[in-house]
Amino acid sequence: MTDTATRTPLVEMRDIRVSFGGLRAVNGVTISLFPGEVVALVGGNGAGKSTLMHALAGAHPADSGQIFVNGKAVTIGNPRDARTHGIEVIYQRLALADNIDASGNVFLGRELRTRTGALDDSAMASATRDVMKRLNPRFKNLNTAVRSLSGGQRQSVAIARAVHFNAKILIMDEPTAALGPAETEQVRELIEQLKSEGIGIFLISHDIHDVFDLADRISVMMQGQLVGTVDKHKVTKDEVLAMIIMGQKPAAAN
Amino acid sequence: MVAALAVIWLGFHFLSDGAFLTSRNLWNLSVQSASIAIMATGMVLIIVSRNIDLSVGSLLGFIGYVMAVMQARWIPETFGLGFDQPYTWAITLAVGVVLGAAIGAVQGAVVAYGGVPAFIVTLGGFLVWRGLIFRMGEQGKTISPLDTNFQLLGGGPDGSLGATRSWILGVIGCIGAVLSVWLARRRRRRYDLAVRPLGVDVGIAVLSCVVIIAGIWLVAIGYESPITGDPSGVANPVVILILVTIVVTYMARRRRFGRYVYAIGGNPEAAELGGINTRRTVMMTFVLMGVLCAVAAAVQTARLNAAVTNLGIQNELDVISAAVIGGTSFSGGIGTISGAVLGAVVMQSLRSGMVLLRIDSPSQDIVVGIVLVTAVAIDAALRLGRRRTAGISLTVGLVLAALIIQTGRQ
Ligand SMILES: Nc1ncnc2c1ncn2[C@@H]1O[C@H](COP(=O)(O)OP(=O)(O)OP(=O)(O)O)[C@@H](O)[C@H]1O
Ligand SMILES: [Mg+2]
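In order, the protein sequences belong to chains A and B.
So that you can map any letter, position 131 of the first sequence is 130 in numbering that gives the first Met the number 0, and since no number is skipped, the others follow by simple counting.
So that you can map any letter, position 100 of the second sequence is 99 in numbering that gives the first Met the number 0, and since no number is skipped, the others follow by simple counting.
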């Protein structure tokens with residue numbers, strides 16, 4: 000993206016800090032995301048990627064720092080706050096209730112209800128079936144507990160849950176980690192499609208090929224700090240690997 | 000579950016030379032199961048959300064005692080309104096329910112917001128509520144007699160529906176069963192979702208009606224009151240149990256509250272990340288439990304026509320056992336209300352069957368203990384797909400129970 004300096008970012012996180020006891024998991028990170036853009040967040044294990052995204056998702060609010068959505072400062076103290084700003088998450092450890100069926104999980108915390116306030120299971124099942132058609136056409140087990148689904152099917156449920164609610168900002172924490180080749184391809188297509196709809200996506204991934212295929216910009220973290228954010232077209236894979244492993248910022252990058 | 004109950008019933012019928020499956024015995028069984036079953040419906044939700052409530056027996060004792068003092072001392076004497084006023088029972092019951100909800104809210108808040116394990120909080124409650132009975136200004140005296148209308152809540156000669164009203168209840172039940180199957184079918188149709196074959200749905204509806212009609216006809220009408228000689232009809236505690244079961248099942252299956260309870264039990268982290276107010280939900284399970292303790296306390300004191308200090312002693316064990324025998328899992332997220340009610344009937348069937356066989360009460364305890372562990376062992380084995388282990392558990396449990404029953408017969 001060339002005009003990043005002039006447009007208003009969809010999300011901007013400024014000087015975010017998160018500590019666990021004495022451990023500074025995220026230490027003064029600034030990062031941004033534009034509409035229709037995929038920003039890959041990469042870094043070694045324990046670099047602080049998930050923790051940074053948890054702060055945006057309200058799963059574990061930041062200790063300090065500011066978050067702007069469409070240029071406006073917002074407070075995100077819990078997952079509900081994040082959702083009201085159109086932020087949806089696919090968590091690394093799939094946050095599904097095993098004993099509940101797919102549609103129950105998709106609508107968890109946002110159940111559809113009838114006029115009497117009772118759960119409208121049929122409406123939820125039908126809506127789930129419709130999203131699933133788009134994600135994983137072979138998915139049929141709408142009414143069985145998620146426990147008995149395969150890893151890939153569970154992933155579809157987690158993704159369905161994030162896409163169904165018209166997210167404007169999507170956080171995907173290693174969305175293809177549990178998937179076979181065909182399902183991975185589906186997720187890639189989905190990412191392209193969501194992108195074209197103007198949704199901004201933070202994509203956490205360890206797969207450098209995925210990152211180069213899907214991302215527009217790449218933000219690299221190391222030990223809680225941002226090494227740098229680079230334009231995919233201006234760097235090589237080796238340069239990004241050097242950033243991840245040694246924290247070296249390439250000379251050519253912005 | 001139903002099969003186990005059938006085996007137990009037939010077994011006792013056979014061993015007792017035909018004394019078990021009689022209208023009289025089954026009618027009594029239904030009344031005796033009611034108060035434990037009422038509480039077990041609430042215990043299911045507590046255990047499903049990965050908590051426990053050890054205080055229910057003491058809570059029942061305390062609320063029962065307060066309600067007795069209320070109707071036998073405070074309303075007639077302290078407020079000078081006199082005995083047997085038409086409104087006494089309603090005020091008393093309302094006070095009991097509010098008290099139960101309040102105590103449940105306190106215990107639930109300490110668990111949910113205070114972060115103290117439910118085991119500890121309710122263990123404390125177990126001691127506190129029982130102890131408070133003796134601090135009510137009556138020094139633990141037995142409070143009796145109770146209000147005449149209040150007594151009707153406990154069953155007894157006048158505390159039943161009688162023939163006509165029992166049949167009306169039966170017809171309502173049948174209509175309800177058919178309607179719920181039909182409505183569920185229509186809802187799924189409307190959204191173009193797969194429905195069960197029509198034959199299966201019709202079968203379910205017909206079977207429900209047959210069970211309802213047979214139960215009323217053979218048990219409730221079949222049992223003639225020893226005092227009036229008329230058919231007794233469904234006893235009030237059983238009517239209360241039916242209402243409680245319907246309401247709690249509705250809350251568990253069709254309301255957000257229930258969905259959240261199961262979500263918390265299945266994966267507390269997912270529930271939290273889904274934006275569910277998990278603390279409030281957990282607290283509400285304890286509030287519901289407190290209310291159900293009050294209802295059960297009303298049934299038990301009304302039936303005794305008295306409140307005694309040891310009312311409800313060991314009920315926590317029966318209630319937890321009923322839930323667990325009914326398929327509720329301690330690992331959370333799994334359990335049904337109807338299963339717990341059946342579990343309570345199984346427990347009570349064992350006890351009353353052994354009474355018929357004149358087995359002393361310590362031996363009864365041993366058998367119930369064996370059955371409890373066996374039931375859970377079988378359940379765990381089946382869940383892991385270990386049929387052999389399940390078979391071995393069943394055999395060992397049966398042999399041990401039979402041994403205790405045979406040697407305990409007097
Ligand atoms: N809930 C927590 N309590 C304590 N420490 C935590 C917690 N969550 C994360 N950490 C620590 O914070 C650091 C950053 O963790 P984080 O999960 O953000 O890493 P990550 O970059 O997502 O790694 P990975 O690629 O392995 O997923 C790690 O050192 C981790 O141990
Ligand atoms: Mg991570």
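Calculated from the structure, these hints are not laboratory results.
As the structure is a prediction and not an experimental result, all values here were calculated from the model.
No residue lacks a Cβ here, since even glycine has one placed at the ideal position from N, Cα and C.
Don't take every hint at face value.
[What the hints assert, rightly or not] Anything over 10 Å on all C-beta distances counts as not near chain B; from chain A, calculated:
hint, residue
1, Asn77
2, Leu107
3, Gln192
4, Ser195
[What the hints assert, rightly or not] Below, in silico cross-link-like pairs of lysine to aspartate or glutamate (EDC-like), each with a Cα-Cα straight-line distance of 20 Å or less:
hint, chain 1, residue 1, chain 2, residue 2
5, A, Lys132, B, Asp191
6, A, Lys233, A, Asp215
7, A, Lys233, A, Asp212
8, A, Lys231, A, Asp209
9, A, Lys139, B, Asp191
- Far enough from chain B: is every CB of that chain over 10 Å from the CB of Ser195 (chain A)? holds, 28 Å
- Message: Check the hint pairing Lys233 (chain A) with Asp212 (chain A) against an upper bound of 20 Å on the C-alpha distance.
- Response: holds, 14 Å
- Is Lys139 (chain A) within 20 Å of Asp191 (chain B), Cα to Cα? holds, 14 Å
- Are the Cα positions of Lys233 (chain A) and Asp215 (chain A) separated by 20 Å at most? holds, 11 Å
- With 10 Å as the threshold, tell me whether Leu107 (chain A) passes as away from chain B on beta-carbon distances. For Leu107 (chain A), whose nearest Cβ neighbour in chain B is about 4 Å away, the distance does not exceed 10 Å, so it is violated.
- Item | Hint consistency between Lys231 (chain A) and Asp209 (chain A) [alpha-carbon to alpha-carbon, up to 20 Å] | holds, 12 Å
- Query: Going by Cβ atoms, does Asn77 (chain A) stay more than 10 Å from chain B at every point?
  - Reply: Given that some Cβ of chain B is not farther than 10 Å from that of Asn77 (chain A), nearest at about 7 Å, it is violated.
- Within a Cα-Cα threshold of 20 Å, do Lys132 (chain A) and Asp191 (chain B) meet the stated pairing? Holds, because 14 Å separates the two Cα atoms, which is no more than 20 Å.
- Message: At 10 Å, judged by beta carbons, does Gln192 (chain A) keep clear of chain B as stated?
- Response: holds, 25 Å
Comparing the model with each earlier hint shows violations of hints 1 and 2; every other hint is respected.
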